[in-house]
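Please work from the sequences and hints to get the whole structure.
For the record, the sequence lines run as chains A and B.
Numbering of the first sequence is given in our numbering, commencing with residue 3 and proceeding in unit increments.
Numbering of the second sequence is given in our numbering, commencing with residue 586 and proceeding in unit increments.
Note that these hints are calculated values from the structure, not bench results.
Careful, some of the hints might be misleading.
To spell it out: a stretch of chain A is covered by chain B in this simulated footprint if at least three of its residues, at any positions, have a beta carbon under 8 Å from a beta carbon of chain B; those stretches are [as the list claims (entries may be wrong)]:
(1) 83-94
(2) 139-152
Derived DMTMM-like pairs: lysine to aspartate or glutamate, alpha-carbon spacing no greater than 20 Å straight-line [what the hints assert, rightly or not]:
(3) B:Lys933 to B:Asp626
(4) B:Lys712 to B:Asp626
(5) A:Lys124 to A:Glu73
(6) A:Lys31 to A:Glu10
(7) A:Lys156 to A:Glu132
(8) B:Lys825 to B:Glu1022
(9) B:Lys976 to B:Asp962
(10) A:Lys6 to B:Glu1000
(11) B:Lys738 to B:Glu766
(12) A:Lys6 to B:Asp962
(13) B:Lys855 to B:Glu808
(14) A:Lys14 to B:Asp962
(15) A:Lys120 to B:Asp664
(16) B:Lys933 to A:Asp96
(17) B:Lys933 to A:Glu22
(18) B:Lys825 to B:Glu1000
(19) A:Lys120 to B:Glu863
(20) B:Lys976 to B:Glu1006
(21) B:Lys825 to B:Asp962
(22) B:Lys712 to B:Glu875
(23) A:Lys14 to B:Asp646
(24) A:Lys124 to A:Asp96
(25) A:Lys6 to A:Glu26
(26) A:Lys135 to A:Glu73
(27) A:Lys120 to B:Asp678
(28) B:Lys806 to B:Asp846
(29) B:Lys712 to B:Glu723
(30) B:Lys933 to A:Glu10
(31) B:Lys838 to B:Glu863
(32) B:Lys976 to B:Glu988
We put the CB at the ideal spot given by N, CA and C, even for glycine.
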Amino acid sequence: MNQKQIFELIEKFEESNLSELKVETEGFKIKLKSANTIPVVTAAPVAIPPAAYQQPITAVPSEAAAAAAVEVSGNNEIITSPIVGSFYRAPATDAPPFVEEGSQIQTGDSICIIEAMKIMNKLEAEFPCEIVKILAENGQMVEYGAPLFEVRRK
Amino acid sequence: MRNIIRSLLIANRGEIAVRIIRTCQEMGLRTVAVYSQADADALHVRMADQAVCIGPPSSADSYLNQNALLTAAMSTGCDAIHPGVGFLSENADFAAAVQESGLVFIGAEASTIRQLGDKIQAKKTAKAAGLPLIPGSEGPIENVDDAIKTAEKIGTPLIVKAAAGGGGRGMRIIRNPVELEENIRIASAEALSFFSDGTIFLERYLENPRHVEVQVLSDGKGEVIYLGERDCSVQRNYQKLLEESPSTAVNSKLRETMKKDVVRLFRKLKYAGAATVEFLVENNHHYFMEVNTRVQVEHPVTELTTGVDIIREQILACSEGRMDITQNSVKINGYALETRINALTPGKVSAFEAPGGPFVRTDTFLYPGCSVSPHYDSMVAKVIIWAPDRKTGLSRMSRALKEIRIEGISTNIEEQLTILESPQFRSGRFSTSLYGEIMS
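Structural data, given as structure tokens:
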């Protein structure tokens, strides 16, 4: 196996959900082990109108550097930001927030908006859960992978 | 263009991001770094005043993610973006998007990048400014008949190139006219798949050229400052390994001609910032190859022979439309050489010590305990030396390369020493095929 193939293997390994991979050929042995053990869940973002500006946003791998800094109690999970932008809890300044701490959420419910390049990207819950804690301030800039909500899966 | 900037976002990573941050600190500019998840502990992140995570490890989703970069710049109150080298540094759409967002792009105008990024357009622009071209089709090859006619005119060997090409991709050498038809089709298909543009052109293939480039800085109003040449003939698969100035293949008469050519071209372009014109040199003749509308990895070579901080002047030229230097204030002095240190394996760097001593500079993102990610370019450090003459300089570089300590990953240092100490390189008489000759 040459250097290029090893690099490719590492890339493919990191993209996969595997935690360990062993390859053995004649005269060659390689073992890859994932360093990622933090359970992080991400929400699927959905761009909302104006329709002309709608653009797809790729799904986020379940590995977030920023989320590692947050302490999670018990089996709770963290929903992180899939893009860089401004975090908004409500669809408009005079509208009520999408969720509060203690809200019970169904799959597909809107939970917040991340504004990036004047486009409002609505985040929807990927699974039913309870919002345990809101981790970002309204209007705050959030990085890719920044923790937004601590949730308890139902 | 008179924008005094206060905060600058560096849309890059690695040693070039570190390099840019250092100059910003000296200029009193606030710096914002961006990083992918793979770079959370990177040196540029630690050194900047603020850092924003912009995406997952893959470059396409992070360092090439234009929306994330622009959003990060605007939400951290930056008024300019420096694209560094590689990534989006020669992307006309990004340059335009930065300006449309009301920010200063520390690079060329979008229209200039478009004009010079297409190799056929660039050749036309250079020809109009009176620069010598390699004999060739001078325009796109439309069909096989066209190719045969051109081939008869310029003779073999020939090289087929992609108009949108770079890094050796889409290039094919033709030694026998009967191979022409087949190769034209393959090259065009290759160009289409790599660059989404199948436009190709033909050129005479030079067998033993030197790669010599000329560095300029320009204020956007027609003031063009010439900073001498760099010889980048030591290459492996079109990737530069060692760069030196002055070139041993350029005599004073040729140097003067190249200088006049480049200054004339850039006066015409009303260019702002740093740029390089690449030439092939063979038998005391220079042939225009292409223009790079950005700083280059090897810019420190010129910084050492001129004493000019190229990044500083580039920032001033692109933001305020002025520079702190004039042609008369620049004195080109002595000899400089850069060696690129590339990682051969990714991993954790357990120990790192940069070489010291007189006239030795190391640009790197390494520190003990840092990680070299498999996701990005393999270059981890550049060692640059200055000396009054080439002979002293080569000894100094050998000494520096023996002094540098990088543990935990394997690098190409031994290979670089082999090239450096080879009789061919030391003689100063070699061509772009040097690497193959020494390593075969």
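The hints, checked one at a time:
A stretch counts as covered by a chain when three or more of its residues have a beta carbon under 8 Å from one of that chain; for the region 83-94 of chain A and chain B the count is 4, and the coverage holds. Counting residues of the region 139-152 of chain A whose beta carbon lies closer than 8 Å to any beta carbon of chain B gives 5, which reaches the threshold of three, so the coverage claim holds. The hinted pair formed by Lys933 of chain B and Asp626 of chain B meets the criterion: a straight-line CA distance of about 12 Å does not exceed 20 Å. Pair hint Lys712 of chain B plus Asp626 of chain B does not hold up; C-alpha atoms about 47 Å apart against a cutoff of 20 Å.
Our distance criterion of 20 Å between C-alpha atoms is broken by Lys124 of chain A and Glu73 of chain A, whose separation comes to about 26 Å. With a C-alpha separation of about 16 Å, the suggested pairing of Lys31 of chain A with Glu10 of chain A holds against the 20 Å cut-off. A hinted pair counts as satisfied when its Cα atoms are at most 20 Å apart, and Lys156 of chain A with Glu132 of chain A qualifies at roughly 7 Å. Of the supplied pair hints, the one linking Lys825 of chain B and Glu1022 of chain B holds, its CA atoms being roughly 15 Å apart against a limit of 20 Å.
Distance restraint check for Lys976 of chain B and Asp962 of chain B: the Cα-Cα separation of roughly 31 Å exceeds the 20 Å cut-off, and the hinted pair is therefore not satisfied. At roughly 18 Å between alpha-carbon atoms, Lys6 of chain A and Glu1000 of chain B fall within 20 Å of each other, so this suggested pair holds. As the CA atoms of Lys738 of chain B and Glu766 of chain B are separated by approximately 16 Å, the hinted pair is consistent with the 20 Å bound. Using a Cα cut-off of 20 Å, the hinted pair Lys6 of chain A and Asp962 of chain B holds, with the two alpha carbons roughly 12 Å apart.
Taking the CA atoms of Lys855 of chain B and Glu808 of chain B, the gap is near 8 Å; set against the 20 Å cutoff, the hint holds. Proposed proximity of Lys14 of chain A and Asp962 of chain B is supported: the alpha carbons are some 17 Å apart, at most 20 Å. With a C-alpha separation of about 17 Å, the suggested pair Lys120 of chain A and Asp664 of chain B falls inside the 20 Å cut-off, and the hint holds. Straight-line distance between C-alpha atoms of Lys933 of chain B and Asp96 of chain A comes to about 51 Å, which puts the hinted pair past the 20 Å bound.
For the hint linking Lys933 of chain B to Glu22 of chain A, the alpha-carbon distance of about 19 Å falls within 20 Å, and the restraint holds. A C-alpha spacing of about 13 Å is found between Lys825 of chain B and Glu1000 of chain B, which places the hinted pair at or below 20 Å, so the restraint holds. Of the supplied pair hints, the one linking Lys120 of chain A and Glu863 of chain B is violated, its CA atoms being roughly 40 Å apart against a limit of 20 Å. About 11 Å separates the Cα atoms of Lys976 of chain B and Glu1006 of chain B, which keeps this hinted pair within 20 Å; it holds.
Note on Lys825 of chain B and Asp962 of chain B: the hinted pairing holds, with a Cα-Cα distance of about 13 Å set against a maximum of 20 Å. Restraint check for Lys712 of chain B and Glu875 of chain B: satisfied, since their Cα atoms lie roughly 12 Å apart, inside the 20 Å limit. For the suggested pair Lys14 of chain A and Asp646 of chain B, the alpha carbons sit about 16 Å apart, so the restraint of at most 20 Å is met. Taking the CA atoms of Lys124 of chain A and Asp96 of chain A, the gap is near 17 Å; set against the 20 Å cutoff, the hint holds.
For the hint linking Lys6 of chain A to Glu26 of chain A, the alpha-carbon distance of about 17 Å falls within 20 Å, and the restraint holds. Between Lys135 of chain A and Glu73 of chain A the alpha-carbon distance is near 11 Å, which keeps this suggested pair within the 20 Å criterion. Between Lys120 of chain A and Asp678 of chain B the CA atoms are separated by roughly 18 Å; this keeps the pair inside 20 Å, and the hint holds. A hinted pair counts as satisfied when its Cα atoms are at most 20 Å apart, and Lys806 of chain B with Asp846 of chain B qualifies at roughly 18 Å.
For the proposed pair Lys712 of chain B and Glu723 of chain B, the alpha carbon gap of about 9 Å is at most 20 Å, so the pair holds. Restraint check: the Cα-Cα separation between Lys933 of chain B and Glu10 of chain A comes to about 18 Å, which is no more than 20 Å; the hinted pair holds. Note on Lys838 of chain B and Glu863 of chain B: the hinted pairing holds, with a Cα-Cα distance of about 18 Å set against a maximum of 20 Å. Distance check on the hinted pair: Lys976 of chain B and Glu988 of chain B sit about 19 Å apart at the alpha-carbon level, within 20 Å; holds.
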